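Trainee: Next come the chains, spelled out residue by residue.
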Amino acid sequence: KQEVTQIPAALSVPEGENLVLNCSFTDSAIYNLQWFRQDPGKGLTSLLLIQSSQREQTSGRLNASLDKSSGRSTLYIAASQPGDSATYLCAVRPTGNMLTFGGGTRLMVKP
Amino acid sequence: EPEVTQTPSHQVTQMGQEVILRCVPISNHLYFYWYRQILGQKVEFLVSFYNNEISEKSEIFDDQFSVERPDGSNFTLKIRSTKLEDSAMYFCASSEGQGYTEAFFGQGTRLTVV
Chain A
1 KQEVTQIPAA LSVPEGENLV LNCSFTDSAI YNLQWFRQDP GKGLTSLLLI QSSQREQTSG
61 RLNASLDKSS GRSTLYIAAS QPGDSATYLC AVRPTGNMLT FGGGTRLMVK P
Chain B
1 EPEVTQTPSH QVTQMGQEVI LRCVPISNHL YFYWYRQILG QKVEFLVSFY NNEISEKSEI
61 FDDQFSVERP DGSNFTLKIR STKLEDSAMY FCASSEGQGY TEAFFGQGTR LTVV
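Residue numbers (our numbering), protein chains in the order written: chain A, 1 to 111; chain B, 1 to 114.
Calculated directly from the structure, the hints in this document are not laboratory data. Treat each hint with caution, since some may be false.
[Claimed, not checked] Straight-line C-alpha distance at most 30 Å; calculated DSS-like pairs for lysine-lysine:
no.: 1; chain 1: B; residue 1: K83; chain 2: B; residue 2: K57
no.: 2; chain 1: A; residue 1: K1; chain 2: A; residue 2: K42
no.: 3; chain 1: B; residue 1: K57; chain 2: A; residue 2: K68
no.: 4; chain 1: B; residue 1: K57; chain 2: A; residue 2: K1
no.: 5; chain 1: A; residue 1: K110; chain 2: B; residue 2: K78
no.: 6; chain 1: B; residue 1: K57; chain 2: B; residue 2: K42
no.: 7; chain 1: B; residue 1: K78; chain 2: B; residue 2: K57
no.: 8; chain 1: A; residue 1: K42; chain 2: B; residue 2: K83
no.: 9; chain 1: A; residue 1: K1; chain 2: A; residue 2: K68
no.: 10; chain 1: B; residue 1: K78; chain 2: B; residue 2: K42
no.: 11; chain 1: B; residue 1: K78; chain 2: A; residue 2: K1
no.: 12; chain 1: A; residue 1: K42; chain 2: B; residue 2: K78
no.: 13; chain 1: A; residue 1: K1; chain 2: B; residue 2: K83
All values derive from a computational prediction rather than experimental measurement.
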């Protein structure tokens with residue numbers, strides 16, 4: 001059974017720092033991996049989608065990498081801003097029909 | 001930008017009552033999903049739906065749950081007899097295809113069973 005783990009569970013950084021969020025999964029047989037942002041009490045906003053054949057994807061200040069063989073992904077956020085404060089979720093697609101989520105990293109960026 | 005829309009945003013119901021959560025997926029999407037998130041826990045898959053059939057479901061999705069696409073735009077989740085442990089945020093999602101496509105989520109319905 002696929003398990004997804006995110007480390008750290010919480011992170012507090014000063015504004016302007018570059019930071020890395022980690023995601024690991026136990027089974028490398030995945031279709032893709034998706035990073036989401038969740039604001040308190042809100043829905044999930046898709047940030048980046050990496051296909052299993054890809055190594056990384058970039059969107060603005062965000063860069064996500066995927067090492068499928070080792071079961072790891074990282075989300076790099078450059079020049080963090082207070083508006084980046086949210087919970088970041090990693091999810092893998094082990095079958096065509098479902099996503100398996102990690103527990104998230106709660107990020108606080110202090111002005 | 002197209003988005004997945006869910007109603008209501010918050011529903012309070014008494015234990016044992018039936019509830020229907022509603023979703024309008026993105027219009028050209030063919031695959032629809034329900035997930036839930038109990039407070040403080042991971043987001044969990046419930047069910048996927050394609051071509052008017054359930055394509056996959058989790059062990060959580062037991063006989064008290066059902067899904068339906070009653071018309072060309074709505075996708076619903078019915079919980080027949082709610083329990084206290086059904087209290088959670090329920091998310092609807094949709095995608096153009098399965099497998100390699102991106103899933104887009106709605107804002108969620110917070111269900112509180114009292």
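Trainee: For every hint, state whether the structure bears it out.
Mentor: Going down the list of hints, with the structure as the test:
no.: 1; hint: K83/B / K57/B; result: 20 Å, holds
no.: 2; hint: K1/A / K42/A; result: 28 Å, holds
no.: 3; hint: K57/B / K68/A; result: 25 Å, holds
no.: 4; hint: K57/B / K1/A; result: 15 Å, holds
no.: 5; hint: K110/A / K78/B; result: 42 Å, violated
no.: 6; hint: K57/B / K42/B; result: 17 Å, holds
no.: 7; hint: K78/B / K57/B; result: 14 Å, holds
no.: 8; hint: K42/A / K83/B; result: 23 Å, holds
no.: 9; hint: K1/A / K68/A; result: 16 Å, holds
no.: 10; hint: K78/B / K42/B; result: 21 Å, holds
no.: 11; hint: K78/B / K1/A; result: 27 Å, holds
no.: 12; hint: K42/A / K78/B; result: 21 Å, holds
no.: 13; hint: K1/A / K83/B; result: 27 Å, holds
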